[in-house]
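**Student:** Chains A and B, in that order, give the protein sequences.
Residue numbers for the first sequence follow this note's numbering, beginning at 1 and rising by one.
Residue numbers for the second sequence follow this note's numbering, beginning at 1001 and rising by one.
If you're looking for bench data, these hints aren't it; they were derived computationally from the structure.
Just so it is clear, CB atoms sit at the ideal spot from N, CA and C, and this is done for glycine as well.
Be aware that one or more of the hints could be misleading.
In silico DSBU-like cross-links for lysine-lysine, where the CA-CA straight-line distance does not exceed 30 Å [as the list claims (entries may be wrong)]:
#	chain 1	residue 1	chain 2	residue 2
1	A	K296	B	K1377
2	A	K112	A	K90
3	A	K19	A	K90
4	A	K8	A	K90
5	B	K1382	B	K1326
6	A	K112	B	K1326
7	B	K1091	B	K1215
8	A	K295	B	K1377
9	A	K238	A	K8
Far from chain A, by Cβ distances over 10 Å, these chain B residues were calculated [what the hints assert, rightly or not]:
#	residue
10	V1028
11	R1110
12	E1191
13	G1252
14	G1260
15	T1305
16	L1327
17	E1344
18	A1381
19	K1385
Spelled out from the first residue to the last, the chains are:
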Amino acid sequence: MSVIISNKTVYMIQGLTGKEGLRAAEWMIKAGAVIAAGVTPGKGGQEVLGIPVYETVIEALVQHPEISATSVYVPPAFVKSAALEAISAKISLVHIIAENVPTLDTVEILEKASAQDVRVVGPSSVGILTPQSVVGSLGGGSLDTFLFPENKDAQGIAIISKSGGMANTMADVCTQAGIPQSFVTGVGGDRIIGTTFADLLPDLSEDSATAAVVIIGEIGGSYEEDFAQAIVDQKFKKPVIAYISGIFAETLPTGVAFGHAGAIVNALVGTRETKIARLREAGVIIADDPQDIVKKVQSVVQL
Amino acid sequence: MLLTEHEAKALLITQNISVPASTLLENVGRLPDFQKMGSVVKAQVLHGNRALLHLVQVTTTAEETLSECTKMFNATDYYGDPIEQVLIEEKITFSEEVYLSLSYDTHVRRLVCSYSSEGGVGMDNRGDSLEMVELSVLSEPTHFSPAPELLEIVQKLWRVFTQNDAVLVEINPLVQTRSGFVCLDAKIELEDAARFRHVDWKQVQRAAGEKKRTKLEQAALSISRSDHRGVAGESFFEFPGGTIGILASGGGASALVMDGLIQSGLNPANYTEYSGNPTAPKVQKLTELVAGIEGLEAILVVGSTANFTDIYETLSGVVAGLLSSKLSDQFPIVIRRGGPRWEEAFSFVRETLPQDRFMVSLLGPDVPILDSLSVLKVALAKRAKRTGKESH
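If we strip away everything but chain B, and leave its shape as in the complex, we get:
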């Protein structure tokens, strides 16, 4: 999960990394004293390029600061979500700005520290200026050859990174002032998978990406984390206006299916995935969530030929979820699955789902995954013919 700048700086402060004096506002209220000298007003959002979106403003007077704060609280972030926090920071005078980050690099499969002497805005276009140094996670770095004067800061960042299970700790820019190095902006991403050893993580329900979760996405996450058996809804995206409910299984197969959906011109209402042998009640709850999406014309339950996910157990959950939904009138359900106990599972589906409520197409492992989309199109056409409504 990504942290806001303010949250990231709070972690840097634990290792005595200098940051500008600041005040965090949740509404336009009393301004801090230091703003008399002018301030930097920053919307606390999770995405980058804030300056381009006018979500970072430098002010010279109290009136200006107040005006910018008001504007920001009335603005939205890149994804259209309201801005809930604004950070007002003391303006800092500096001579040079550098870029410094710690992250995992998939090429060397180690922790690396990336450094550029040309930090600041526009780093995306200056990737070539980055120098990369491999670090061990087993012991603190003892030298930093690209900029030996930054070793102490690199060591502090290493502690922030390893103690907090971060996957990214980035300072940009880190500036040189008369009193030493100061971090003007920071981005930190913590790893959700490590939450079991960080009971204090308040942001644990936050989306992994830059966009905030919708209520439905949040509800799916809660289902997934209701027990430790597999995942069911950990990954959930809602697409308003979509008509196909998706219950996919397995990361690879879901990627294949979603690519296929897009290429076929079908319109998913959501994406979600269950895998790792989740329990039937968990899959039931996730199914209920998907089945409850307004405007659905069909549900696609699709996955690879599972290795160890019990298809009977998981499809029992799907069936229970469908039965407790409001779907009826031969609502199209296309199921493509294979793996342990798939034949038993298919018999159960056939026997349990009433034909007057659901029009079920069952496709086994001998049917190519993407063929489920052709079957889905046929089912949609049949439904459209019967109801007289055009499929979207």
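Isolated chain A (complex conformation):
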């Protein structure tokens, strides 16, 4: 069992020849991912890290039909065209790392992805990491941050954070405390994202390697509230622990985005208080900080 990605996932990197694309590819290879191709318009025919580079997604797919996921490493202005190219080619998973993608582009990507039954993770998603595979830059180049369940029958926790840095930090804190991880991701802090906390719930419910779920949320939007509702609607049985920041952000002038584009201060919706209340109603355990998350996880599951 694995959530979203597995040891069968074969990747393509769009923007492989760029600085960040190259760093991501090096890391993914080090972590055991299979990258079949890269795509950079104008650089087709090159080879980078032993990976062939193509002009277009279609060219790459013709040569490597086994590709099942793409990671988009292009600047924000080019994300839409790159992602739409992958979506029209029906690559089933499109991961987008770039921050500052205009929301109009994101929503167009999501509308078209939905029509083609393509899953989008991001924008501003640092990546996904499971014991079986990795996509993106999650991990800071070191697997030492993570502790995986000992064998295929053992369990760990799933960590889902809007913030990529906090996903990595939370994994690190859990690793130091001896808590293994079955799934770690930063879903992105943008206003509109392709995969939300709630979207992951069915996968996490089915994933036998996941014993409990940790989410790290923040003010703005409705993703935490939607997650709370999904827990109730789907009768999600596994323990869920959440940390929601925002005490300081709510002291800022209305309309300000704090840290992430989606963390917008608004007196009426998406406040820390309403999120925590909804999550508590759904049976979620609220933690005060990352260290408290560890304590709360240890109090509900033995791993």
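Fit chain B to the known structure of chain A by using the hints.
**Tutor:** Positioned in the frame of chain A, the structure of chain B alone reads:
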């Protein structure tokens, strides 16, 4: 960035949405002819609730209009900033007022049009009356079931929204007059992230929120946008009287740290953040800006365990910024970082920052982020003991 009412209406006019005749004043000068019939005098500020703050006034004579204009130019907005523009509008007689807006909804993750037949003042308390219709960004809406007679206006708003990379286009109220629908007030927010395809955006330096940027906040923004590598100062808030300079990294970790600071009773002088692997020169400039804040007692450089931000590169920038600052006398610096090349970075910091100028505490990824605040408190206490000055 938010637009003023006048700027918002200028965008609506491009799609032939009717607005009242108006004149924009930047000082009390000659009044427009239509004011003889009475006017609506409106301060052009970025926040709401103008009427409650007496920043919208209805007048009946020229003298009254002149008097209200004078008062407004001598008043300040909600945040204490001077009022620089006043809009004088023709008074409109109408029969009904509705609310109409386009925005992105995070629940459905689509563009939505919100409508209420009960528009006007107090919409904040009438959220339940809103009907929401999902729209596609791919094609213009072809029907609007809550109020079919408004379809043409919804289509025009859709064009304003999509052509201008807006995140909010709101008309409240939209009123029915004998000659058709007229927009009496409008609020538009454009998305900063889309500025690369809107070279004409004059307001690009404007703060994202309702409050104007201070000089320091403006300077930080310019640093952040000096190149395309990551961000460094894109988000910057100045808190007069604060004593802790903040250089945070990562949206999530900075939220955690700032919450912790507030709960610990520490007093930040600023908030700013760098992330996305910015260059050392950019981080240096941001550090210089923070280090230059008057009255600092310590600087906290704090972040999550980075995924791909090169800690050596960014801390090199911090070090260069500190060295070129005026800080001295074992000034406390607390650094908590982890991620690519953090150990190399820490060695560099140790070797480069002179101990007589800086008292540096280096905390790696094995130290919980919030523990940096306890270390900071100890550093402040040490400094207070040495200098004989009480820490604030």
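**Student:** For which of the previously enumerated hints does the structure constitute a violation, in increasing order of number?
**Tutor:** When the structure is compared with the hints, numbers 6, 7, 11, 12, 13, 14 and 15 turn out to be violated.
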